[in-house]
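Got chain A; can you put chain B on it based on the hints?
First to last, the sequence lines map onto chains A and B.
Numbering that gives the first Met the number 0 applies: residue 0 is where the first sequence begins, and numbers increase by one.
Numbering that gives the first Met the number 0 applies: residue 0 is where the second sequence begins, and numbers increase by one.
Be a bit skeptical, because a hint or two may be false.
What the hints assert, rightly or not - For lysine-lysine, the following DSS-like pairs were computed, each having C-alpha atoms within a straight-line distance of at most 25 Å:
id	chain 1	residue 1	chain 2	residue 2
1	A	Lys17	A	Lys49
2	A	Lys49	B	Lys191
3	A	Lys181	A	Lys49
4	A	Lys49	A	Lys71
5	B	Lys172	A	Lys71
6	B	Lys172	B	Lys191
If you're looking for bench data, these hints aren't it; they were derived computationally from the structure.
Given next are the chains, with one letter for each unit.
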Amino acid sequence: MAADPLIRVTGLRKTFGKHRVLDGLDVDVHGGEALAVLGANGAGKTTLLKILATLVRPTHGTATVAGYDCAKDAESVRRHVGLVAHGAYVYEDLTALENLTFWTTLAGLHASAAARAGALASVELERFAGERVRTFSAGMKRRLSLARFVLARPRVLLLDEPFAGLDQRAKKWLEEHLASFKSRGGAIVMATHSFGRELGVADRIAILAGGVIALDTPRGALSAEDIQRLYALHTEDAL
Amino acid sequence: MWKDLLVERRSKETLNALFFFALLLLFVFEFALGPDRERLAGALPGLLWLGFILSGLLGLGRAFVVERENDCWEALLLAPGDKSAIYVGKLAGNLLLMLVVEAMLLALFGVFFNLDIVPALPALGVVILLGTIGFAAIGTLFAAMTTQVRARELLFPVLLLPVQVPLLLATVKATEAVLLGEPLGAVAHWLKLLAAADVLYVAVGVLTFDFVLEG
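The following block holds chain A by itself, in its conformation from the complex (with noise of 0.2 Å):
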């Protein structure tokens, strides 16, 4: 029998006023594994995010996250997940080393000066651990904000547009960094608006269309072609 899944979304709605984001979306993850949920704007995928990592409350339906449930027992999500949104979550005119210091102090992590250091190495910002982030670039500050993983380990990485602004050696990096998130048995849930090799990382594509999953399909060996083919197909979003 197959391992519980990680995030398991069932019949979540979501309305903002009388907009109905979320119209009965179903959908799990297991560890693992990464889903790729592409849309239109507005379709509702950052919404989904937002509501697996405890932001935003559903109008109706469960999901859950290592076996919690998102807006009964935020508390316990937020210990498994790790949410990488728009905002890179660091504040300008502290260092780097001392934004991470802040958040690993408030998560209570009590992680080590070499621990600490051992992070901003492995997002390749040894070099720029005392340097102020308002100099940083926004490759550089979704690296930074990536570090914070590096010492909660959280189970679930929420990532919305990961890509977005990155150069091509940031891209392979994240790549990387995904891939052996992946193989530690952690899920991914990545919201994104890109057919190229930035989805692959994914092993399923989920579109996302009329606030529900218009398809899931495993990526195997489609090409972006096919993958655009397919969003068309599902979506008015004309390409």
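Just chain B, lined up with the frame of chain A:
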């Protein structure tokens, strides 16, 4: 608190702005009152606290601005553990900043109005500390409540000032007595009211901050 003070030390945004604001306030007071020492003596406690409250409103209103940059507010929310620690840290940072601004304002009052406030300083310090703790405690909570609201600049003082009325009454009365040279014992009833309000406001902040953060 360490993070907030470090950010402020490097950016100096709030402290610089508050210093110049305090200076402007004193010019306004100077023009409004003129050189009449008698009028000044009667109005001084009120003016002093008006200066503290107005500069405090500006400082507290910016307390969570740094958390909006790069969506750090979301990350605070996602941090596992007791959120009241965030409140206590923010409160400590705000309190320190307000006390620094108040010390500057007090010194400038002395210079601008040619007042000898040194003999009253120890007693005045107690009144100012007690008044500022309560102001910062409820101000930090309301700043957090309004930081994600569009009309926050308007809503923040509208919410905060009515709650400050008991504190303001006690601080002005106690300051008036202390500046007239009365001992602290003579204003013990006002100090007890301030201490009780401080305990109440800090407790409300600690107990409700989690709900405020969660929205």
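Cross-check of the supplied hints:
Restraint check for Lys17(A) and Lys49(A): the C-alpha separation of about 19 Å stays at or below 25 Å, so the hint holds. Restraint check for Lys49(A) and Lys191(B): the C-alpha separation of about 46 Å exceeds 25 Å, so the hint is violated. Between Lys181(A) and Lys49(A) the alpha-carbon distance is near 21 Å, which keeps this suggested pair within the 25 Å criterion. Using a Cα cut-off of 25 Å, the hinted pair Lys49(A) and Lys71(A) holds, with the two alpha carbons roughly 15 Å apart.
Distance restraint check for Lys172(B) and Lys71(A): the Cα-Cα separation of roughly 49 Å exceeds the 25 Å cut-off, and the hinted pair is therefore not satisfied. Restraint check for Lys172(B) and Lys191(B): the C-alpha separation of about 13 Å stays at or below 25 Å, so the hint holds.
Taken one by one, the earlier hints fail for this structure at numbers 2 and 5, listed in ascending order.
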